[in-house]
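**Student:** Assemble chain B onto chain A, guided by the hints.
If you're matching them up, the sequences are chains A and B in order.
Note that this note's numbering numbers the first sequence so that position 160 is 160, with each residue one more than the last.
Note that this note's numbering numbers the second sequence so that position 114 is 1114, with each residue one more than the last.
Hints may be right or wrong, so weigh each one.
Negatives, chain A to chain B, calculated, CB over 10 Å [to be verified]:
| id | residue |
| --- | --- |
| 1 | 100 |
| 2 | 130 |
| 3 | 131 |
| 4 | 158 |
| 5 | 231 |
| 6 | 277 |
For lysine to aspartate or glutamate, the following EDC-like pairs were computed, each having C-alpha atoms within a straight-line distance of at most 16 Å [what the hints assert, rightly or not]:
| id | chain 1 | residue 1 | chain 2 | residue 2 |
| --- | --- | --- | --- | --- |
| 7 | A | 350 | B | 1024 |
| 8 | A | 282 | B | 1157 |
| 9 | A | 282 | A | 305 |
| 10 | B | 1165 | A | 191 |
| 11 | A | 350 | B | 1027 |
| 12 | A | 282 | A | 308 |
| 13 | A | 282 | A | 191 |
| 14 | A | 350 | A | 338 |
| 15 | A | 282 | B | 1155 |
Since the hints were made in silico from the structure, they are not lab data.
In this text, all values refer to a predicted model and were calculated from it rather than measured experimentally.
Where a beta carbon is used, it is the ideal one built from N, C-alpha and C, also for glycine.
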Amino acid sequence: MRHATTVVIGAGHCGLAVSRCLAAHSVDHVVLERGEVAHSWRTQRWDSLRLLTPNWMTRLPGHAYRGHDPDGYLTMPEVVGLLEEYATGAPVLTGVTVTSVRAFGDGYLVCTDQGPWRARTVVVAAGAAATAAAPAVPLPPGIPTVTAADYRNPAGLPEGGVLVVGASASGIQIADELARSGRPVTLAVGEHVRLPRTYRGRDVLWWMDASGLLDERWDAVGDLLRQRNLPSMQLVGAPRTLDLNALRRQGAALVGRLSGVRDGAAQFSGSLANVCALADLKLNRLLDRFDAWADRAGVEADAPERFDPTAVPEPVLSARLGRGGIESVVWATGFRPDLSFLDLAVFDRKGRIVHDGGVTAAPGLYVMGLPFLRRRKSTLIDGAAADARDLTDHLVDHLDALAGRAS
Amino acid sequence: MTTSVVDNGVNVAALLGAREAIADAPEIARFQWRSRVSWVNGTHSSAEVDTFHGFGEEQRHTRTFTFDVDHPPQFAAEDNGITPVEYVLVALGGCLTAGIAAVAQQRGIQLRSVRAEVAAEMDLQGILGVDPEVRNGFSAVRVDYRIDADATPAEIEALVAQSQKRSAVYDILTNPTVVTVTVS
Chain A
1 MRHATTVVIG
11 AGHCGLAVSR
21 CLAAHSVDHV
31 VLERGEVAHS
41 WRTQRWDSLR
51 LLTPNWMTRL
61 PGHAYRGHDP
71 DGYLTMPEVV
81 GLLEEYATGA
91 PVLTGVTVTS
101 VRAFGDGYLV
111 CTDQGPWRAR
121 TVVVAAGAAA
131 TAAAPAVPLP
141 PGIPTVTAAD
151 YRNPAGLPEG
161 GVLVVGASAS
171 GIQIADELAR
181 SGRPVTLAVG
191 EHVRLPRTYR
201 GRDVLWWMDA
211 SGLLDERWDA
221 VGDLLRQRNL
231 PSMQLVGAPR
241 TLDLNALRRQ
251 GAALVGRLSG
261 VRDGAAQFSG
271 SLANVCALAD
281 LKLNRLLDRF
291 DAWADRAGVE
301 ADAPERFDPT
311 AVPEPVLSAR
321 LGRGGIESVV
331 WATGFRPDLS
341 FLDLAVFDRK
351 GRIVHDGGVT
361 AAPGLYVMGL
371 PFLRRRKSTL
381 IDGAAADARD
391 LTDHLVDHLD
401 ALAGRAS
Chain B
1001 MTTSVVDNGV
1011 NVAALLGARE
1021 AIADAPEIAR
1031 FQWRSRVSWV
1041 NGTHSSAEVD
1051 TFHGFGEEQR
1061 HTRTFTFDVD
1071 HPPQFAAEDN
1081 GITPVEYVLV
1091 ALGGCLTAGI
1101 AAVAQQRGIQ
1111 LRSVRAEVAA
1121 EMDLQGILGV
1131 DPEVRNGFSA
1141 VRVDYRIDAD
1151 ATPAEIEALV
1161 AQSQKRSAVY
1171 DILTNPTVVT
1181 VTVS
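Bound-form chain A, shown alone:
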């Protein structure tokens, strides 16, 4: 049976960052990848998508952006190119799908469709967004649906009105693209995180990074469960703000959360005004925080500003499905990791992996890249470096402990 000290599962930015750190510690390892390097960046992203973080933030262990457009946003082919280059020299085996991981001696048995591996330690970097969530809403037959992972472009949807469910990063971008293509778009809005693209003349990610917000640690924030379940930020990889006000100007109809289907009509919650108020208040608290930090740190930036409250339209509580109304539905209702291959007691009653900053209860089993894993930035490309270093340190200590026990 083949053997590696560490098996890393997944050759995306997280797995490759861990591989770099393991190599720096001379830990013999292999990176198993079900498809090609950057698989989900190639296969689960729509055509026009760009990274939501500016180019200067595409930092990985041993890699920094050195191009000519530090304030731009990478296209998906550019992200794939970057990760392919970054993977050069890494011990990646592509086209290897892990089918199970189970305890074996003082390590693990990693079964794949290409045969088993034995490993002392395993780092799961299989992605936070492996599966697109779609709610169990019984739509009438004849209404095609697509998730944010399967959506490619407006031409892939039938003619007519589109209901986009979810107003986080994916939902607002897809709704915007559909509205620009001339489609009648209805956007079902639940809780969301409103952000301007730039604040006081700088990218909002600059403020989040420089003020230390993105470095906030999992073991130092209150209500970690809530932090880990926050919706993604309303941003688009372009030099413009894409919030609900911008979408309304683009012609999208805003409605409340999709709450059900009755008599051939989609029903929407009457809570739209409140979710908008919550997001506006939260945005202003964030900007207050940036301003206070800027004062303390002596940051030179444009004058503080506040944005118009979200203009809530006259309430619409239902919309006809089919027959000239909504002819297709885009589920932009979030993503879930798929860690079903872990044959280990590391899940809670809701099937979520239990971990303390990426360290699971199974000794030597680590997980990477999940929301607020160790830091607020854990799901950003820029968040992989610090988490990979921390977890590699933990992993090396664990190997030392195993070696100490053996000797």
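**Tutor:** For chain B alone, coordinates are given in the frame of chain A:
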């Protein structure tokens, strides 16, 4: 060092304790609320509330509460109690206001006074069957709070917004619910 103690009469420690207990044993979170109603005469009925189920066992209020439900003389009724739709407004106002007190306590905000006007619009053409396009229920509900508290206007707005986010009655009113009525 002296610290001012915020007291809105809410036992936040108990609420947070319940939240932790429920996280460990979600089955104890399954509650059932009940009311018994009996017809008296005309549009007058009387409803009683005493028991409920929750925290894994049968529970009981400290006493039985009785509510008269009727309609006013303008409906050719005897006005033995408020109308059913007004009970909905009572429930919404009570739920949101309790939430405001609890959230304020948790956020360390001392409340001095909390008042709200609750109003609902309804077109009688619905329940009277005059116009099938008009729904029976409310077409809109408005709640207007006046809050005096040791907090900034933005903090007070955030209290009210958070209370809506966590309110059962607000959810009941803004989202569809399956209602099954049987005859035994």
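**Student:** Can you give the numbers of the hints that this structure goes against, from lowest to highest?
**Tutor:** 6
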